[in-house]
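*Asks:* The primary structure of each chain is shown beneath.
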Amino acid sequence: MPSIRFRLNGVDTNVDADPDRSLLDVLRGSLAVTGAHFGCGAGECGACNVLIGDRAIASCDTPLWSVAGKDVTTLEGLGTAKRPHPLQRAFIAEQALQCGYCVSGILISAAALLKRNPSPSSSEVKEALDGNLCRCGSHNRMVRAVLRAAAEMAAG
Amino acid sequence: MNQQAPSSAAGLPVNLAANPKLSSWLKFSADGEVTVSPGKVEIGQGIVTALAQIAADELDVEISRVRMVRASTAMSPNEGVTSGSLSIQQSGRALRHACAEARHIFLTAASDRLGVAADALSIQDGTISGPGNVTTSYWELADDVVLDRDATAAVMPKPVAQRTLAGRSTQRLDIPDKVFSCPRFIHDQVLPGMLHGRVMRPDTARAKLLELKEDGARAIAGVVAIARDGSFTGVVGETEHCVEAALKALQKGATWSQAETLPDENDLASFLKAEPSEPVVIDERAASMPRVKSRTIARQYSRPYLAHASIAPSCAIAQWDADKVRVWTHSQGVYLLRADLALVLKLPIENITVEHMEGAGCYGHNAADDVALDAVLLARAVPGRPVRVQWSRQDEMTQAPFGAAMVIEIEADLDAAGEVVDWRHSVWSNGHAARPGRAAQPALLAAFELEKPFPRMISSNPPQANGGGADRNAIPLYDFPAWRIASHRLLTMPVRTSALRTLGAHGNVFAIESFLDEIAAGRNEDPVAFRLRHLRDERARDVIRSAATRAGWKPERRPGVGHGIGFARYKNTGAYCAAIAEVEGDQDIRVMKLTLAADVGEAINPDGVANQIEGGAIQAVSWALKERVRFDQQRITSASWSDYPILRFSEVPDVEVEVIQRSDLDPVGAGEAAHGPVTAAIANAVFDCLGLRIRNLPITRDSLIAAMELNK
Ligand code: FES
Ligand code: FES
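If you read the protein sequences in the order shown, they are chains A and B. Numbering follows my numbering, with no gaps: position 11 of the first sequence is 11. Numbering follows my numbering, with no gaps: position 119 of the second sequence is 119.
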């Protein structure tokens, strides 16, 4: 089994696995990192989104080999209760979810957006989140939360 | 109108009377915590927080001291199913009484210990103090006070004015875990020694497994067992990866019988009306002074089958220990699931423990219970080891029960002024409930697939007294002088249906509110004024007036933009909700804005209520504009998100919600209030915008074209 190296949430990581396995399967199955969720396995819902470099990518649709040498960030790497990312703080402040199963992928898509566009408009937020499905109807609160985080980050 | 949740003869709330032992509801510990264990479960609606608020309020402790435990048949009160928006009404009331009584018991114990009369004592954050600075606390007394006794009706909860937490917006307790990825979901649980399982389901409707070649699957590294019983087949292995591969191999080696034929998806109305059905007259009202009719108008409305389409595929874990089995599930009813498992396994219920764990948002009876039986059957092949089974997206979209398709006919006799003198409403639909735990036969998918199969359950309808099923909200709230309401429940069920959010209320409210709009338009009367003129209930009038005021009814006419209203009181006994929709469109309809007003009685957590109303409203937009289960003669074809699209971020309207607080009235659920009104408001706004009445959901480009053809 070839060994593949990448950085996961800032930590050098080495996995011995079939390089064609999906990154999602490796994260959850081999590395016990459960931030990225399985929703469809077909790149259609965004529940499994992770950051690869600065881009939000569906990890269910990403073969392990393709992340060799790259930086992978899951929700766990975004922030913690002690050191929350502004997005996490904003999602709590806006109570921006119902069940929250979709939220891990949505926070990742939002984080990618704020990296490339620190002060998005609400339609830019919606566009950035358009690949993420939410079945509970929490969309508007999530958009507000992303705008709130952007404002907080801009204020320093 | 009945505003109170029913009480038992003894004066206790029903769920407390059924589970009277106080210690089954709450326990105090010496280290300053109170553990509350309701029988209701978190399904993404925030109930756990609302119940914690109630307990904290009634006990006079900070909410941070309240530890909520998940429902389990091992210890929780049996509160049936978490559904029908009854949770807060039933569980909240029972918990409030239980806490009030516990508080009283502690005060009595404190009075003995401190030598101070109980009524001279006060409680603050669990510390009990009296004159002369004497103090004790729940925590000090915890070991001496016995809550292992039955509730009496002797202690009444605090009056509304003394509640400090209930009625205020409180941050939901589960949200931090979810944004910091601390595993709460069953999907994220890893138990020691846990194996994974997958079940093979036929691609075509109800096909039977004739032959299976297992070698391909067995050859895959990590596969531990292949379990087969009749057509039910599954594989257990060390990793998800290997069981997925094994499943593919099994599918290759499987030969299936012919599928059963499915109805024509493009002519559901004819199908529903032609099938054998059981007719029931739900309600009849005769005019005291019949008025002369001058004409009759009749309209037919329909809605398709709808999928739950939860964002997560269903998942369960099971573990056998000799002849006992433990099950972790996101089912809405742990006791009900246990009852069905006992039927299938032919085991006494004591041998089965069912524990709740959160899943993704749940909107009714989805595959949560099915996958639990799958896990139990697969885990039997590997005694002692927990087996986690997760469905595929495809199975979630095609094998789980759907919300039933409905066709609704309404006829109205109008007098010369266009006023309704008689109203006849008939609905044809499969039943809207086939939940587990309620019949002598199980309702779980695998049970129908076994070598000795149980008969497939045909959905039924809850009685109208409990809100009804297909007939839910079929009885108008308007003061028409005469009516006849009938429901025809299908006795065949080629497409599996069970409870989906609102049951039949979605279809019926859409039909009634659309027809009403047409009648008002026929009189050249403003639709809001028409409704207000026909409603006597002030709470109903209030939500309509509030929504209308907030939306600036009626906004000025602009080309390409339309406004419409919809209203209902959910189940005719639950939450009131009025919705005003603003739509834009020509070939495609976009909902730009929704303005809602809701009255849920006491809103324990007003922000939580607004969140639920908003979520329901957005889901309703998705149902109204996009959703329809697709099938050909052989199979359900809407098996993925591309074949069953739901509303996306860029399509979501602005939503404003006003919650009318009624602290003195029992709380009712908010989750199902908005679907009917929002759907009707959109259809009525489409008419306002394009002059087209869309009577068949969903409202798509195709249905606009069909309506245009009809208009010609
Ligand atoms: S699970 Fe990867 S996009 Fe749905
Ligand atoms: S919050 Fe439930 S799916 Fe988004």
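Since the hints were derived computationally from the structure, they do not count as laboratory data. Keep in mind it's a predicted model, so treat the numbers as computed, not measured. Using N, Cα and C, we set each Cβ at its ideal position, and we do this for glycine too. One or more hints might be untrue.
Listed next, the in silico DSBU-like pairs over lysine-lysine satisfying Cα-Cα at most 30 Å (straight line) [as the list claims (entries may be wrong)]: (1) Lys-593/B - Lys-126/A; (2) Lys-248/B - Lys-452/B; (3) Lys-554/B - Lys-273/B; (4) Lys-346/B - Lys-324/B; (5) Lys-554/B - Lys-626/B; (6) Lys-70/A - Lys-126/A; (7) Lys-626/B - Lys-126/A; (8) Lys-115/A - Lys-70/A; (9) Lys-126/A - Lys-248/B.
Derived coverage of chain B by chain A (criterion: at least 3 residues anywhere in the stretch with Cβ under 8 Å from a Cβ of chain A; other residues may be distant) [stated by the list, open to error]: (10) 44-57; (11) 131-139; (12) 165-177; (13) 449-458.
*Asks:* Which of the listed hints are broken here?
*Replies:* As far as the earlier hints go, 3, 9, 11, 13 are violated by this structure, in ascending order.
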